[in-house]
Amino acid sequence: MDCQGAQELIDAYGDGELDAGQNIEIKRHLQDCPACSPIHEEQRALASRLRAARFEGPPELREKVLDSLRAEVSGPRTIPFYPKQRAAIWAIAAVALIGAFLAGVFVSKRGSSESDLLTHEIVASHVRSMMANHLADIVSTDQHTVKPWFDGKLDFAPPVVDFATEGFPLTGGRLDYVKGRTAAAVVYRHEKHIINLFIWPSRERRARFAPALKVTVDNGYHLLQWSDAEMSYAAVSDLAVADLSRFAQLAGAPARN
Amino acid sequence: MSKTRKGPKTSSTGDPDSRYDVRGNKSGQSEYRVTKRELSKLSNPSRLSLFDQAILPHLSAAYNLARWLTGHDQDAQDVVQEACLRAFRAFEGFYGVDGRAWFLTIVRNTAYTSLNKNEVTRAMTPFDEEIHGGTEPETRDPVAILRLSENAKQLQTAMENLPPQFREALVLRHQEGLSYQKIAEIAGIPQGTVMSRLARARARLRKCLIDGEKEGGR
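So the protein lines, in turn, are chains A and B. Going by our numbering, the residue at position 112 of the first sequence is 112; the numbering climbs one at a time, nothing skipped. Going by our numbering, the residue at position 23 of the second sequence is 23; the numbering climbs one at a time, nothing skipped.
Simulated from the structure, these hints should not be mistaken for lab results. Since we're looking at a predicted model, the values are computed, not measured. Any given hint could be a false lead.
[Claimed, not checked] Negatives, chain A to chain B, calculated, CB over 10 Å:
no. : residue
1   : E17
2   : C33
3   : L50
4   : S68
5   : W90
6   : F101
7   : L117
8   : V161
[What the hints assert, rightly or not] Covered by chain A, per the in silico footprint, the following chain B stretches (three or more residues, Cβ under 8 Å):
no. : stretch
9   : 63-70
10  : 99-107
11  : 157-169
12  : 173-185
13  : 201-210
[Unchecked claim] Here are the in silico distance ranges between beta carbons for each label pair:
no. : chain 1 : residue 1 : chain 2 : residue 2 : range
14  : A       : D67       : B       : D73       : 29 to 37 Å
15  : B       : A199      : A       : K192      : 45 to 53 Å
16  : A       : D142      : B       : K207      : 13 to 21 Å
Heads up, the beta-carbon is just placed ideally off N, CA and C, and yes, glycines get one too.
Make a model of the complete structure from these sequences and hints.
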């Protein structure tokens with residue numbers, strides 16, 4: 001191997017990306033080439049300086065993460081990992097139970113707890129999307145830009161339609177999570193209000209037999225949910241219900257009864 | 001559906017830059033494989049403990065990447081927290097793949113989201129190797145680098161002057177010991193681009209280091 005050949009491969013060599021044969025060849029060349037061996041030496045020096053600059057995270061980070069995940073799955077039964085904390089956990093469990101009971105009393109007419117959870121989750125996603133100011137991963141008012149953007153990021157193709165002429169211009173799209181799976185979040189505006197339209201494939205086939213529009217209020221946000229044979233939809237906004245329904249109808253929701 | 005393989009095959013990660021680590025299958029990184037159906041059947045506590053075993057061992061890699069991308073300790077911690085939450089919610093989408101690459105992809109995307117929160121337009125401008133990378137790496141002057149003082153602060157400053165795409169390539173390669181293939185997966189670019197990006201990144205880094213030394217010497 002000559003110097004030119006060696007220098008072409010030397011980066012890949014340093015990165016351990018050569019096959020065994022090339023490895024041996026370049027190693028041999030480096031052993032007795034005064035021109036190339038300093039290059040390799042320098043390469044190693046740079047690599048070791050970089051390696052030394054690695055940041056170690058704070059040791060308490062793992063605990064913090066676990067705490068927030070436990071809060072995410074929310075519930076006393078989720079934390080049997082640390083026996084020492086068991087007493088505290090039982091106390092929390094008791095409080096949570098009482099809380100849940102009281103909450104149950106107050107909101108017992110609001111439907112099953114699973115759909116409540118879903119409501120909370122979607123509204124929380126909506127709030128977070130505005131708070132963290134990461135409303136859109138792709139900013140575009142063109143449906144032909146937003147729709148292809150989702151390709152390859154999702155295993156389904158969400159319908160993306162601009163309703164600008166109807167007063168609900170498309171402003172972008174984002175990936176989000178609903179019910180533990182990736183969902184498309186299509187972002188619209190109506191005057192100063194933001195609407196997040198979450199779309200994910202329907203799991204329940206029976207959704208098709210009961211195409212009802214479900215209206216929920218959570219923390220001052222209005223949430224409209226409906227499904228067709230293919231997809232489930234949830235539109236969230238601080239818009240008035242009437243305006244949000246108008247939007248939902250445009251997006252294919254069944255009429256309100 | 002493939003046969004279920006149980007349990008984390010955890011072995012020592014070893015030197016992050018070691019050759020063996022880079023070559024795919026024989027790597028020392030921990031692997032955790034479960035099937036999708038199995039995962040969706042799990043109760044919350046077991047999901048959490050599975051997540052703990054499969055993903056959280058890569059927390060330090062996650063922090064390091066986030067720290068370099070955001071440039072601040074607290075921002076990095078926030079990004080890691082948010083990324084963990086996202087990863088946990090999407091955990092059902094993780095099965096039979098490399099947990100470290102999967103998780104680092106989420107960390108990276110979360111970091112970019114937080115980086116770009118006030119600069120939406122810049123986020124939309126795709127990164128261009130040619131523009132951001134400058135010219136082709138010029139002929140090397142290895143002696144100049146070898147003569148430099150081993151100043152950690154200088155290296156950090158030089159790194160921080162690089163575009164984040166260069167920084168992340170260097171971090172993943174040299175600090176996390178990932179192969180071109182894994183970096184390609186995480187950054188969502190072809191392997192060939194990883195190689196040229198690394199070459200450009202190292203060339204820029206060398207230049208910054210040499211310039212920094214000159215300025216410091218004045």
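Hint by hint, here is what the structure shows:
1. E17: Violated, because the least Cβ-Cβ distance between A/E17 and chain B comes to about 6 Å, which does not exceed 10 Å.
2. C33: holds (12 Å)
3. L50: violated (4 Å)
4. S68: violated (6 Å)
5. W90: It holds; A/W90 is separated from chain B by about 15 Å at its closest Cβ, greater than 10 Å.
6. F101: holds (20 Å)
7. L117: holds (12 Å)
8. V161: Since the minimum Cβ distance to chain B is about 21 Å, A/V161 lies beyond 10 Å and the statement holds.
9. 63-70: holds (count 4)
10. 99-107: violated (count 0)
11. 157-169: violated (count 1)
12. 173-185: That given contact holds, which follows from 5 residues of the stretch 173-185 of chain B lying within Cβ reach (below 8 Å) of chain A.
13. 201-210: holds (count 3)
14. A/D67 with B/D73: 29 to 37 Å: violated (19 Å)
15. B/A199 with A/K192: 45 to 53 Å: For A/K192 against B/A199, whose Cβ atoms are near 48 Å apart, the range 45 to 53 Å holds.
16. A/D142 with B/K207: 13 to 21 Å: violated (40 Å)
The structure shown violates the earlier hints numbered 1, 3, 4, 10, 11, 14, 16.
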